[in-house]
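Just so we're aligned, residue 5 is where the sequence shown starts under my numbering, counting upward by one.
I should point out that these hints are in silico values taken from the structure, not numbers from a laboratory.
Virtual Cβ for every residue (Gly too), placed ideally from N, Cα, C.
It cannot be assumed that every hint is accurate.
[Claimed, not checked] Subject to a maximum C-alpha distance of 30 Å in a straight line, what follows is the list of computed DSS-like cross-link-like pairs (lysine-lysine): (1) 186 / 260; (2) 46 / 275; (3) 210 / 184; (4) 272 / 210; (5) 198 / 184; (6) 46 / 136; (7) 106 / 45; (8) 272 / 46; (9) 272 / 135; (10) 191 / 260; (11) 54 / 186; (12) 135 / 145; (13) 145 / 263; (14) 272 / 184; (15) 263 / 141; (16) 260 / 54; (17) 198 / 275; (18) 45 / 135; (19) 198 / 210; (20) 198 / 135; (21) 45 / 272.
[Unchecked claim] Here are the computed distance ranges between Cβ atoms for each label pair: (22) 148 / 92: 43 to 53 Å; (23) 130 / 46: 48 to 58 Å; (24) 274 / 42: 31 to 41 Å.
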Amino acid sequence: MLIVRYIGGLGNQLFQYAFAQELRRRGYNVYEDVGDFAQYKKHQGFELTKVFDVTIEYAPKKYLDRLKRGNSIFERIKAKLFLKNKKTHLSQAQINIDSLSKNKDFYLDGYWQDCSSYIIRNELRTLIKFKKPSLNKRNEKLFYQINSSNSIGVHVRRGDYLNKENVNHFENIGQEYYHKAKKIITKEMGSDIKFFFFSDDIDYVKSEFNWGEEEAVFVDWNLGENSYLDMYMMAHCQGLIIPNSTFSWWAGVLVKEKKVISPKYWWKDRKRDNDVYLPENWYLINNRNENNYSLGI
5 MLIVRYIGGL GNQLFQYAFA QELRRRGYNV YEDVGDFAQY KKHQGFELTK
55 VFDVTIEYAP KKYLDRLKRG NSIFERIKAK LFLKNKKTHL SQAQINIDSL
105 SKNKDFYLDG YWQDCSSYII RNELRTLIKF KKPSLNKRNE KLFYQINSSN
155 SIGVHVRRGD YLNKENVNHF ENIGQEYYHK AKKIITKEMG SDIKFFFFSD
205 DIDYVKSEFN WGEEEAVFVD WNLGENSYLD MYMMAHCQGL IIPNSTFSWW
255 AGVLVKEKKV ISPKYWWKDR KRDNDVYLPE NWYLINNRNE NNYSLGI
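Let the sequences and hints guide you as you build the complete structure.
Written as structure tokens, this is what we have:
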């Protein structure tokens, strides 16, 4: 029996759900644990079942008590001293999905973004579908504009990426990347494209992204518990320019096939270069040497 932990933003939750479904496909008995969201203060909490038509098999408390290690400093010290759950609470680095025993019980803790060994995008679009959201008039108009134009979604993530920890952790995706992405997408999709900007710092985008596009749309109203609507709208665009963000990664693979441009490198630690799966038909800009871009990996 396996328990998959859920934590992080909506993009992270989707990877964890896809991983749990793959384990089920391989014949494992799988439960899911969302309990840590009670203390999780980032993003919008556990959103998966609110946004998507998916079913979660919640882990019974008796299994969590037996397998899960607490996340507090006290619980971690106790686990280290007394070996409590040391062999049952496994991190992503400790797991090989192809050799995981079916005769033992484990609690699996990770983000599972390198899904190249088991994810097929067409299967994802069948497996994970948006619930039909209730749109206000502003979003109804936006949805119509996106579906009736040669629409390009542009996602600019700042917010938590600007804090000290993340600045040292994630590659900086700056203006040079976006300008090169614009040239590529314009060449691929023609001059009649219409840009739709999505960001957690839309005022910055309005100020800095002066692309000379008078009809560009800056989506600045889907905030707080409605933030997920940005993913929904991006997923319906004809093309996407994304940063190193799982939020817009999922917009790139869900709903329909589309042109997607992504940075090739997401983390500053080169050992993590393969930690996220970037589909082979995406355009990848070499953001460590931004004089070049490549098709595929």
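Results for each hint:
no., hint, verdict
1, 186 / 260, "holds, 21 Å"
2, 46 / 275, "holds, 26 Å"
3, 210 / 184, "holds, 18 Å"
4, 272 / 210, "holds, 27 Å"
5, 198 / 184, "holds, 17 Å"
6, 46 / 136, "holds, 25 Å"
7, 106 / 45, "violated, 35 Å"
8, 272 / 46, "holds, 22 Å"
9, 272 / 135, "violated, 36 Å"
10, 191 / 260, "holds, 21 Å"
11, 54 / 186, "violated, 33 Å"
12, 135 / 145, "holds, 19 Å"
13, 145 / 263, "holds, 23 Å"
14, 272 / 184, "holds, 20 Å"
15, 263 / 141, "holds, 28 Å"
16, 260 / 54, "holds, 21 Å"
17, 198 / 275, "violated, 37 Å"
18, 45 / 135, "holds, 25 Å"
19, 198 / 210, "holds, 15 Å"
20, 198 / 135, "holds, 26 Å"
21, 45 / 272, "holds, 25 Å"
22, 148 / 92: 43 to 53 Å, "holds, 51 Å"
23, 130 / 46: 48 to 58 Å, "violated, 30 Å"
24, 274 / 42: 31 to 41 Å, "holds, 36 Å"
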